[in-house]
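Throw the hints in and build the complete structure from the sequences for me.
Quick note on UniProt numbering: the sequence shown kicks off at 1 and runs consecutively.
If you're looking for bench data, these hints aren't it; they were derived computationally from the structure.
As the structure is a prediction and not an experimental result, all values here were calculated from the model.
In this text, a Cβ means the ideal position worked out from N, Cα and C, and glycines have one as well.
One should not assume that every hint holds.
Distance windows between CB atoms, simulated [what the hints assert, rightly or not]:
hint	residue 1	residue 2	range
1	G297	G408	57 to 63 Å
2	Q499	V549	34 to 40 Å
3	P369	G408	23 to 29 Å
4	E608	K177	33 to 39 Å
5	P118	T142	23 to 29 Å
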Amino acid sequence: MRSKPRKNAKIAGLKVQATRPVRKASIRLRKTISRDEWTRWPTFPRTPKSRGPEKKNTRKRKGAPTPAALTEDRWKTADDPDPRPRAHPFRPARAPGVQLDTFKSYSPLDLFQLFFSPSVVRTLCANTNKHAYRRIARGMRTTWLPLNEAEMYRYLGLLIAMALMKTHELRDYWSQKRLYNHPFYRSVMRQHRFSVITYNLHMSDPDKDAENNAKRGTPEFDGLCAVKPLMDSVKAACKAFYQPRQQLSVDERMVASKANIVRKRHMKARPNKSGIELFVLADPANGYTCDFNVYCGESASSVGKGAAHDAVMDLLDVPYLGTGYHVYMGNFYASTALFQDLHRMRFGACGNVPPNEQGFPRPGVNDKPRRAERGTVQWLRKDPLLFVKWMDAREVRVCSTIHQVFTGDTMERRVRNPQDNAWTTVKMPVPTAVKEYNKYMGGVDLSSSLIKSYNVRQRTKKWYKTLFYHFIDIAVVNAFLLHKELSKLKNTKPLPHKQFREELCLQLADFGVERAPVTPATLETPPPAKTVVIQEDPYAELGPIMHMVTSITDRTTVEVSQKATAGRKRCVHCLASKKHMSTIWQCQTCNVALCVIADRNCFLEWHEKRIAENRKVKKIKQEEA
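The structure is reproduced here in structure tokens:
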């Protein structure tokens, strides 16, 4: 039963009402003060507490310059001398360039198999077969034929061919309509078989997937278990067959995906606004993908300095690369802590620094105004870090450990004269770090543009299949770049990107069949015209009168209900006109099925055609004799 509230009590002119019954520990009170009582509430002067001797406020405003900063941390200009920093010697683990036998000729299929080797494809087939049989055991209503190595290569060839010619739907590739009639796809694989392989495609062992799913929610759970076997193989191949040059670029790449997963990222500044994010290490000289990592949260080798710091440190493998490399990165990765760690590893670094980066000096003694003249350069060096501010259309901030401030470089810019509003081209000084950053930062963008030209991606809501298609893109583009590097070493003209992919598709579709090596000269020259040899027919001169029409089957041994259909064959004369007509009649002399009906006498027409062809053959032989 609900307890009754206690009577109101007056405590120093306040009405206090207890909302709950009295308990042992405490009483919860609620003050109810009216407006009039609040105005009548007496005020008492507070007696100051003794705080001892008065202390001065020694706290400084954040970012305020210290006395030492007034003399040491002053911004310098381009006219001030800057000694050249001591550079780490370039000592790569291998000679930069292609790590292949340059005296050997490699076809597009040979270069592609460096990344998708037969052992990798056999593992992919075994995991796909195992996954399909598990689905059938769970009740999947379909027939599954074991997938082998040759069929998987043909499947990959179709995926690469589909990137060359886009259609709205998958079934359009196999359509026999006049607008979509592409016999190549029908000659390689049936549509149903292609769809079944895509549905059951699996890169990892299903048994290991079950063990990994049991660890979900624990630190031992691997979020990339479904793609790890193929991903590790492709990454190892990217490192094994190419050694990058001294300049490297690090940037992120967004692989578009509609999968609803935790590791999905959203970036408004990218062409693909959302998808799976990859951290990529590329060679700016050609766009070769040297290494990559898929973002899936905090790294296992995290040191507590942020995801960007861990991403760069995981990509720079010293045993594979060596030392003395120059790494260029964007403002997402660049930080003073990262640059100092790379300097200790004997790596140089240069990057665009965001305005609020912790560690970037902010002396306000002689800082340039906001609307400074274009081309204004200010710099400050704190060994081994060089901080540069350059005024273009807006302020550019760069941090570097490998450059001098200014070596006389200039850059052309169009500037409008405020007096007559005329545009003129002006050469303005540019810091060396800014010019080198613009030159070598686009390695990942170059690789992404080559991938985007002929993207293999298919519609899917499975994140691991999205990465599977992207691994094919990486393999094809890297194989093409290896082809270009080998052609430069041999002083030969390389195949264009599109023709390289076309030849690769044909070789994958005809896997197991030896083909002649393709060169640009053979592609430009048209193939020789096919010569059709017409043999002399000994029965042609007999004429249609000497040829007898007879039934294909013995009518006396056929039931009455089957006499009109038993033994029917396709008419050879109708097939020459791409008509599929069947008949029960044939020529007894030539043993060829031909139609003999009221509105179509193929028997007579076919024999007359053979007589004309036979006379032409005789005439040619007489002229040659």
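Okay, the hints, checked on the actual structure:
The given range of 57 to 63 Å is broken by G297 and G408, whose C-beta atoms sit roughly 46 Å from each other. Distance hint check for Q499 and V549: the Cβ-Cβ separation is about 53 Å, which falls outside the suggested range of 34 to 40 Å. Judged by the Cβ atoms, the range 23 to 29 Å given for P369 and G408 holds: they are separated by roughly 26 Å. For E608 and K177, the Cβ-Cβ distance of about 35 Å falls inside the hinted range of 33 to 39 Å, so the restraint holds.
A C-beta distance of roughly 27 Å is found between P118 and T142, which places it inside the suggested range of 23 to 29 Å.
Going through the hint list in order, the structure does not satisfy hints 1, 2.
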